[in-house]
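Enquirer: Sequence:
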Amino acid sequence: MCIQDRDKMLESYVTPLLMSYVNKYIKNLKPSDLQLSLWGGDVVLSKLDLKLDVLEQELKLPFTFMSGHIHELRIHVPWTKLGSEPVVITINTMECILKLKDGAQDDHESGSSSTSRSVSDSSKAVAKPRRLQQAAPSDPDLPPGYVQSLIRRVVNNVNIVVNNLILKYVEDDIVLSVNITSAECYTVDDIWERAFMDITAPELVLRKVINFSDCTVCLDKRNASGKIEFYQDPLLYKCSFRTRLHFTYDNINSKIPSVIKIQTMVESLKLSITDQQLPMFIRILELIIALYYGEIGGHKEGEGEEGSSHVREAGAIIPGMDVDMESHGTSQYSSPDLYMLSEEADQGWVSWAWSFVPAIVGAEEESEESLYQQRETGGIPNNPQQHTPKDPIVSIGFYCTKASVTFKLTETQSESSYYSPQKVKSREVLCLEQEGITIEVLMMGEPFFDCQIGFVGCRALCLKGIMGVRDFEENMHRHEEDAVFFSCGDSLSSKGMTYLTNSLFDYRSPENNGVRAEFILDAANHKETYTEIAGMQRFGAFYMDYLYTMENSSSKGSQDFSVVSMEEIVPTVQETSIKRLVVGPLDVRLHSSAVHRILKMITCAMDHEYEPYCKPQREVVEESHGPATPEEISNLEEFIPTRLTCLTLLQVSVTVSMAEFNLLHTLMPVIMGCKTAAGPVYIPVFQPVRPLPSVQFQVERVNVEHSVPMYAPQLVSTVSSLSQPSDNLLHHCYAHLYLKVFGFQAGLTCQDSTGGFLPLIPIIPSFSTALYGKLIQMPSCWSKRSSVPTTECIFELPHFTVQATRAQTVLLQAICQSWTHSVASGAPLTLSESLLNEVYKAPGVKSPGPSPTLEGSVQNLELKFCSRATVKCASGTVGAVKVCARTPGSGEGVKEKLVPLIQGPSDTKELHMSRWLNEIRKPESLLAPDLLAFSVQVPQQGDDCRNSGGVLLVSVQGIAVNVDPVFCTWLLYQPHKGSSRQQQQAPGSVPLAKRREDEVSVGSTPLAKQPSNQASDYASSPVKTKTVTVGAAVMLCVPA
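Start counting the sequence shown at 4; every next residue gets the next number (our numbering).
Quick caveat, the hints were computed from the structure, so don't treat them as lab data. Incorrect hints may appear among the rest.
[Said to hold, decoys possible] The calculated DSS-like cross-link candidates involving lysine-lysine, where the alpha carbons are at most 27 Å apart (straight line), are:
1) K50 <-> K102
2) K102 <-> K258
3) K777 <-> K618
4) K900 <-> K844
Since we're looking at a predicted model, the values are computed, not measured.
Working from the sequences, and respecting the hints, build out all of it.
Expert: See the structure below:
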């Protein structure tokens, strides 16, 4: 074949291919002019209008295009070098404006079954031509041999360049605009450099790169006339990122890749949100969530006359997610007709994206038309060996090295000219920084879906000032440790680049070393590989793993649904959904600067009048379609799909400092729903207080597990109709919650001048506890089953102790009052220096008069609560209670003494004898009865006249109470007279501060003479002197 004949043949195939795409989406084109221009090698089209109806029909989004324009379209075809140079398609300035479809928010709540059927019929009529039309331009009758191979090379190396892409979305007063200066897609070689490549054996790989330059996202508010009065700071300003695409084929003639990897890398992502943008930003997030769950814009093609309540709209559900499977109707609850009906339904915009995966690489599967015809007619293929082709493995990833979100407060400034627009001045107050962000999605059709999200490090810090208090201005010279109030995980310098592991941006990944990657698509292997420990080792701050699998029970272990016989119209599938979240070492410091900034963000987020996208619907009791068959009950007994969510917190520390300034009285009314603004407030000059008393809470580990049935309405409707359901079926009709806390402790600490904290002074020593609760699903279905509990709770506390001196309790009271008692000037309370010295004793320094420590403990506490339709019950046991006073030793041979005040259970037979107080009482045996046991039953008002009456049962063992003078010594403590630490005072507020100081110094007790803390004061202690004990101590007992 000569070169001229080859070029003519290429023109005869390439020209219609390009023309079909251009003519499909652009209005008012003359094919003859376009064809003549293409034959010349270059075509330039200006001022083009897009076919908006075609775009809406193709995308199937709940949005409508208000306008769509292309300023200039250039197509360059190097006819003489098609085998070595790419075809270049350039779009200069493309602008599209979208809005939410009218009535899209009501689609989820309105519509009759007849309308749904008509829409379903029309959708099936439209869907088939759409698929055929889709295959037409990308799958022409190609000639065999060399020309076909050359055309495939041309298609695989097409370069697409878009300059100045503008997308706008408008809703209510929101205007969201995205502007990308430049975007280019081209083919690359094995080292990701631009090249002219082809799919060759044995690698069978095609690589592409998409570079995005200067992406800017703006979020502004428009007025009633549709105009923007003043422009906000961009959410994202000139951000550049790159995307790598990696396609792996099984053989050289494959038209669909077996593995598709699309991963994006961003070096720096800086977001900026003002107080006026925050409500609009949350509104956009709510829109995304509503689309995700199909609450708006849902397509009801799958709803039949009887299936409107069984088949959920999946207009915006990602394929493979468990909620998406609800649209298919499970074999355990739905009829075969519903299953087939939902299978024929259009699955919405993301399912549309999934069906177009082959179009990304420029090919369409030939057998799709025959498969679609089989689905339409319900026929069985002639060849029994023929089955649906296997879904490709799709891996999508997003990676970001460093990201930050800055929250700003704005002030409007007017220009000198009346007609000039207003300007907004912003002030940074809060910044959230993340390092090493990873978002990875792995899916294979509907049987397998996995999403993993991780952060290497995260921290939040205060900036500038808040509410007029200039606490972090540059002239304050504050330490960075003072500004950081939230930190979690590690830094990239210490962790390394683990967040890029096995990505296309990792030079050690299999794809970058010529090796085909292996994927774990089995639930059991996935759980063994991606454990909490593995997630924390890779990231460190946060790790989330969401796994959804769907297995065919008839061939369990195989996820290939193509082997299911066509005669098995309703295959029995087993679905699992597991979400695991792990938060690494977490340190939260709540001081005045942090709390006021967080609450200010909350008040700004609540400052809107947007209506919710989907209003909560009333629970509707479905009428049973007949008793469940034994086969259905057997299937339920074997497996019931559930959603399991597990949350783990590791090494959590929360520090609440004394308020350095307190203006909460201006924020809390707004948060509580009062729109009235507070009056003018005097803002004091901020001065940092050091040392700063604080309360610190530490937890070694927190485990939370929550499980809920995946299809609660269908399951409850079936089980509640049974006369005697099994315990297993009843168990799955509840939502279960397990909470386990390990190593919880609390105490006092103090922040010094360097920003560090002193060692913890324990107030509540380390303890562990557990809580379990369950709540019945669809309570209205169980109204006639009084024997079925609707709510159950169990709380267990093996051991709990509180210990504190009177000085420590006074300081705790002062810290609480600094937050709860807000004053108009914002100035906090003042503290006595002697009080701080008494609480925070320096090591090795002897105190002139050590005060006793009061210690109380509770053992084996267990509480239970149960609620039914006719009665509410509560019961509990307390194993033992002990309160004692610990008198410190003087160091001169006087040892620490322990004075019992309350003790139970106790043998009170010899309580009146003095030797009882001095005997060493061993702990009670584990078999000993509990100190307190009670049961309460309260009947509920109802139509049933057979309600049982109220019941109260209480059992109390012996309790000994010793009122000792050491308790009075602890109670009447006063700090020594001395200088006070002036934290912050406004001019003219000295009397108020003085009055507050007097109140704090004495606590809640009246003024009394300061008792000395010498050893002789404890002479009346029962441990010290027997004779004085009987006369001075008052003993009360409750006989066993």
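Enquirer: All hints, please: hold or fail.
Expert: Cross-check of the supplied hints:
no.	hint	result
1	K50 <-> K102	holds (23 Å)
2	K102 <-> K258	violated (36 Å)
3	K777 <-> K618	holds (26 Å)
4	K900 <-> K844	holds (20 Å)
In summary, the one numbered hint that this structure violates is 2.
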